[in-house]
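Student: Residue numbers (my numbering), protein chains in the order written: chain A, 1 to 235; chain B, 1001 to 1245.
Wrong hints could be hidden among the right ones.
To be verified - Restricting the straight-line Cα-Cα distance to at most 30 Å, the calculated cross-link-like pairs of lysine-lysine (DSSO-like) are:
no. : chain 1 : residue 1 : chain 2 : residue 2
1   : B       : Lys1072   : A       : Lys140
2   : A       : Lys140    : B       : Lys1081
3   : B       : Lys1113   : A       : Lys140
To be verified - To be clear about the criterion: a stretch of chain A counts as covered by chain B if any three or more of its residues have a C-beta under 8 Å from a C-beta of chain B, and this derived list gives those stretches:
no. : stretch
4   : 121-134
5   : 145-155
Hint data in this document are derived by calculation from the structure and do not stem from the laboratory.
Using N, Cα and C, we set each Cβ at its ideal position, and we do this for glycine too.
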Amino acid sequence: MWEIISKALPQILEAGFKYTVPLTLISFFFGIILALFTALIRLTKNNGFFIVIKLFFRFYVWLFRSTPLLVQLFIVYFGLPYLKIKGIAPDGIKLDAFIAGVITFSLNTGAYASETIRAAISSVPRGQWEAAFSIGMTRKQTLKRIILPQALRVSVPPLANSFISLVKDTSLAASITIVEMFEVSQQIAAENYQPLLMYSLVAAVYAVFCTILSWGQGKLESRLGVKSNMKGSDN
Amino acid sequence: MELEEVSKSYGNHLVLKNINLDFQRGKVTVLVGPSGSGKSTILRSLNLLETPESGKCLFDDLIIDFTKGVNKKELAYVRQKTGMVFQSYNLFPHFSVLGNIIEGPTQVLKLDKKTAIENAKKILKKIGLESKINNYPEELSGGQAQRVAIARSLAMNPEYILLDEPTSALDPELELEVLQVLLQLARDGQSMVIVTHNMSFAQQVADKIVFVEDGDIIYDGEPEPFFKNNKNLRITKFLSSMVLK
Ligand SMILES: Nc1ncnc2c1ncn2[C@@H]1O[C@H](COP(=O)(O)OP(=O)(O)O)[C@@H](O)[C@H]1O
Ligand SMILES: [Mg+2]
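Could you put the whole structure together from the sequences, leaning on the hints where they help?
Tutor: Rendered as structure tokens:
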């Protein structure tokens, strides 16, 4: 058994570092930027043309939260080649599997994380806005200096959860031909007829990855002082 | 600073009924009255945290007509001239005491950090909190937190400081340390508008008393005749209810 493991493990790890890790990191990075942007747009006041933009982002969040991630991957990778747009993409939109993965995972993460960030921003007491306004800060300054730093502390735990989910969700990329860890374990299992061992092994590798990340999350939280309560700011 | 025929409602509940008030430079105006009478709304309108539907706010040469709304320039001007101190302090929890005080001067007034810090230290010395300069708000007592909030406001050099029940959240012994700071500021000639339920403090600090009831100004004048031999039944009733407390 150890012989089989010692042969398979390096291949699985290689796939992990070559695909799973970059896919997760890149998607999470873009996802968070998209989430922050979406949350800020959705929190703007209802004036004029912003209503249309807000509706668009609301639709985006709804769409990605109400459909399965696997289906989203299939649409982007297998479906878009059939979307033929005259002038722009007459032969359909054909994406490299990795790019399709990054796009889908980013959009999906962005939709969920935007809700987290939006809730965190709303959770900062109104008195904080007013205190900042009363010393003459503008909306933008208040958001940047006073509200977002407090909101981000609140959102670290749920965002870390999203990140850990994303690590595991990248296993779905196997279905769009990306040879990440799970795909590699499937290939090996098909050769050596050891599905139980191979899938347990890849499960263990995911577990190790996630445990390391949880540990990092704890470090980050204590550094940001997430657990310390913030008093005297309620209205 | 003056309010002229100002009205404000929430939904169809009229909370300020065409009020006229003026606030003298270098003087302390104290607003008293029952809960829900509109005192906070008056203060918040002076700081433009609320915008009344009608009436005017006069500030030196600037006249803001509320029916026309408030533009950014007017907003910046008024916020520069007035500073608000809240009942619940509303200190920025992620900044130290020093960080709270220099935030406005560095971000809004664009002072360089060194000058802002020197200034902050002077103010902290005045209110007796130099030793807390590097502490965070959560490490302060209520009285200390409120004094830091006053310092944060002072650091912006506002002409008027508006204080909305600054000691209502405090235990009596902590209340005293805040009131002493306010008395000192009053002696230094700082213009203030204070909402308070502490009548002996009001009597001691006020240059002018304004009694608000149900969105109306019932009394606007000297403290002396307000507290002694007042003939207005509603005011005497209010005053006796405050004493019984
Ligand atoms: N944001 C708000 N929405 C609706 N009603 C409000 C709001 N703020 C204050 N009010 C109402 O306006 C009236 C005056 O309130 P306020 O100015 O806070 O009184 P005071 O400070 O004298 O206790 C009260 O009846 C209160 O319920
Ligand atoms: Mg009030």
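Student: Each of the hints needs a verdict: does it hold here or not?
Tutor: Evaluation of the provided hints:
With a CA separation close to 13 Å, the supplied pair lysine 1072 of chain B and lysine 140 of chain A stays within the 30 Å bound. With a CA separation close to 20 Å, the supplied pair lysine 140 of chain A and lysine 1081 of chain B stays within the 30 Å bound. Proximity of lysine 1113 of chain B to lysine 140 of chain A is assessed by CA-CA distance (about 21 Å); at most 30 Å being required, the pair is judged to hold. Chain B is given as covering the stretch 121-134 of chain A, and this holds because 8 residues of the stretch bring a CB closer than 8 Å to a CB of that chain, at least three being needed.
Counting residues of the stretch 145-155 of chain A whose CB lies closer than 8 Å to any CB of chain B gives 5, so the stated coverage by that chain holds, three being the minimum.
No hint from the list above goes unmet by this structure.
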